[in-house]
Amino acid sequence: MKNKKKANPIKKILESRLFSQLMPVGLLLILVGVFAIATNGRLVTGTSLKIIVNQALVVAIVSTGGAFIFASGNVSLSLGATTVLTATLSVMIYNATGSLVLMMVSAVLIGVVLMATSALLSTALGVRVMYVTIVMMTMFSALQQAILGGSTVAIPTALSQSLEKGGFMYIAFGVFFLICVVLFHFTDIGRSLRFIGTNNLCAEQTGISKKKYLLIAFIIAGVGCGIGALVAVVRGGSVGTNTLTSLNMDCMLALVLGGMSIFGGSKSYVYSGVIGALTVIVLNQGLTMLQVDSTIIQAIRGVAFLALVTLSQVRPKGLPAPEG
Amino acid sequence: MKKHSKILDILFTVAFPVAVWLLMEVLCLIFKQKHVISTMLDVKTIIRNAGIAAVTAFALSFNLKEGRFDLSLGAQRMAGTIIGGLIAMALGLSGLWLLLFAIAFGFLFGFLTGMAFIGLRVPPMVLGVGMALIWEVVPYLVSGGKGLNLFGVEGMTVLTESWFQILVVVVMAVLVFLLMNYTRLGYETKAVQGSQLIARNSGINIFRHAVECYALAGGLVAIAGVLDVSYTTQMAANLGNTSNGVVTANMFVMILGGYIGERTDSSVGIITAAFTLQIFKYGLSLLELSDPLISVINMLVFIGFLVFQANRHKVALAKARKARIALAQKFKAERAAA
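Chains as they are written, first to last, in our numbering: chain A, 1 to 324; chain B, 1 to 338.
Read the hints as simulated data drawn from the structure, not as lab findings. Incorrect hints may have been included.
To list a few chain A residues with every Cβ distance to chain B over 10 angstroms, as calculated [claimed, not checked]:
{"id": "1", "residue": "R17"}
{"id": "2", "residue": "V25"}
{"id": "3", "residue": "I93"}
{"id": "4", "residue": "S151"}
{"id": "5", "residue": "F168"}
{"id": "6", "residue": "F177"}
{"id": "7", "residue": "L178"}
{"id": "8", "residue": "V181"}
{"id": "9", "residue": "D188"}
{"id": "10", "residue": "R235"}
{"id": "11", "residue": "N284"}
Cut-off 27 angstroms, straight-line C-alpha distance, at most; resulting in silico cross-link-like pairs (DSS-like, lysine-lysine) [said to hold, decoys possible]:
{"id": "12", "chain 1": "A", "residue 1": "K211", "chain 2": "B", "residue 2": "K65"}
{"id": "13", "chain 1": "B", "residue 1": "K314", "chain 2": "A", "residue 2": "K211"}
{"id": "14", "chain 1": "A", "residue 1": "K317", "chain 2": "B", "residue 2": "K65"}
{"id": "15", "chain 1": "A", "residue 1": "K317", "chain 2": "A", "residue 2": "K11"}
{"id": "16", "chain 1": "B", "residue 1": "K314", "chain 2": "A", "residue 2": "K212"}
{"id": "17", "chain 1": "B", "residue 1": "K314", "chain 2": "A", "residue 2": "K210"}
{"id": "18", "chain 1": "A", "residue 1": "K210", "chain 2": "B", "residue 2": "K65"}
{"id": "19", "chain 1": "A", "residue 1": "K317", "chain 2": "B", "residue 2": "K190"}
All residues carry an ideal CB built from backbone N, CA and C; glycine is no exception.
Bound-form chain A, shown alone (with noise of 0.2 angstroms):
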């Protein structure tokens, strides 16, 4: 008589793919009680939901793009400073010629240019996809130092004002967070993508074109940034240096924290980002309304952010590495 091994009902649990679509949910819900408690509701009055809500969507808008790379198990560190280097130029262009729409389609294009450049260096001349967004991020963030100096770029404050007012971003948070949902969850685009994360080889041998795609996952997280940088400008109304520097942390920390594995694959969704943008605002509101240090509140972002990926991911026998 075979002795067949009995599976560990908590792991299975922690495998379904139920549990991982609702866990994100469930820790935001979990995160939102307990400060809400702690601060005697503080936490969710409507002033405060707003400045939520408003501090999170620049976060969800870039990381609704990035969930496309990091659905085909790649990850992009240059999302953050492709933002503030298109930020930047789109101020930069509007100041010059006074048109708001050249400014907002120049955004998106720069995104995408960026973006894309970064990918056809991984797909058309072959270089490492980690090489390419680490040079891509130190260069982008050196090239917005050598054009701003020491100095920041502005659009005029009435112009800010007037879009954040009309809901300019939340329309364009709207509708880019649309077609991402349609395009990563009804289309060939996103089930390509999920299906190169799950297994790169067996995705190629059924005729997927791992090169296409990852281009395509690279625009769309362009665009993305083109988007978030638009709505990061209307919302300071100027950008320097120090404007969202800590993006690319929040935005992976909004990835995990949302649901998303690292490693891509079939468990990836899209609203992953704008799931998780929320719960890293909620945690860094909370703490800070509990007077926690926020030397603290950055490690404790360290911890919670190496504790879900350790929970979100099947612990391999070996070493994480490329083969395997």
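Go by the hints and put chain B onto chain A.
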């Protein structure tokens, strides 16, 4: 593998810094009527910066050669240097002790990162992001946010001496050379570089090996931190995952060093690459370009080199294909003639 004579190998190695020096010399003479190196101060600055870059690249190479990019190395550098420096200052010890304490703490942070890696088994880049957030907090809290300031502190002059800095870099290079060529660690590194899976199946303890690499990288990067602070006299305790910029900036040194070292040894390659790129940067600064612009140019050259690295085998493949076709055509012609 193609074998070259020793003289050709040496010429190939020396050609890099010499060619870059010549290029920058011409540019500086044309645009600024200056020489790249004209005083002893220029020599000292290039040696010091090349030393820092080389030691950082050595640290990076321990993990990066095996496909692990530790994004927390910058935080380990900061934590090791600041904590080591504060302890040495509190005990009234000399600069040499500061260096030793920094190495010890860098080693400790590297070791703990390595333990986290084998414990959690998350991808190294992802682990690095999380660990950087945690390690950045440690020196900030220990120093009360002030970082390390050696200005006017007695007993630290030895750190600023050029001979001391050269000695440290040479000792490090020799140690890395010995480690990589004559020890179990070097043997295991080569095996894991080839294939981690095969290395493991052949009995190598890849877990212990990874921890050793992380710990050594931490110790080495702390030396780079001390060499840096000996010149600037202070190191800020930065937060917000911003500490790794100084490390990633030296990735080019490591990759170029690996290429140059193919003909000699990776340690020699890294030192040569560090000098080559320092002469390049120094020349650009003499042309009065700003630091960010120099960084942009440096990264553009790096991208160009990465593209070359990723495609250089294609030239050899094309040559081999051409030779094969020529041989086939010759054979066909001979048969037709017969």
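Going through the hints against the structure:
no.	hint	result
1	R17	21 angstroms, holds
2	V25	22 angstroms, holds
3	I93	20 angstroms, holds
4	S151	13 angstroms, holds
5	F168	28 angstroms, holds
6	F177	25 angstroms, holds
7	L178	29 angstroms, holds
8	V181	25 angstroms, holds
9	D188	27 angstroms, holds
10	R235	19 angstroms, holds
11	N284	12 angstroms, holds
12	A:K211 with B:K65	25 angstroms, holds
13	B:K314 with A:K211	19 angstroms, holds
14	A:K317 with B:K65	22 angstroms, holds
15	A:K317 with A:K11	15 angstroms, holds
16	B:K314 with A:K212	22 angstroms, holds
17	B:K314 with A:K210	21 angstroms, holds
18	A:K210 with B:K65	25 angstroms, holds
19	A:K317 with B:K190	22 angstroms, holds
In this structure, none of the earlier numbered hints is contradicted; all agree with it.
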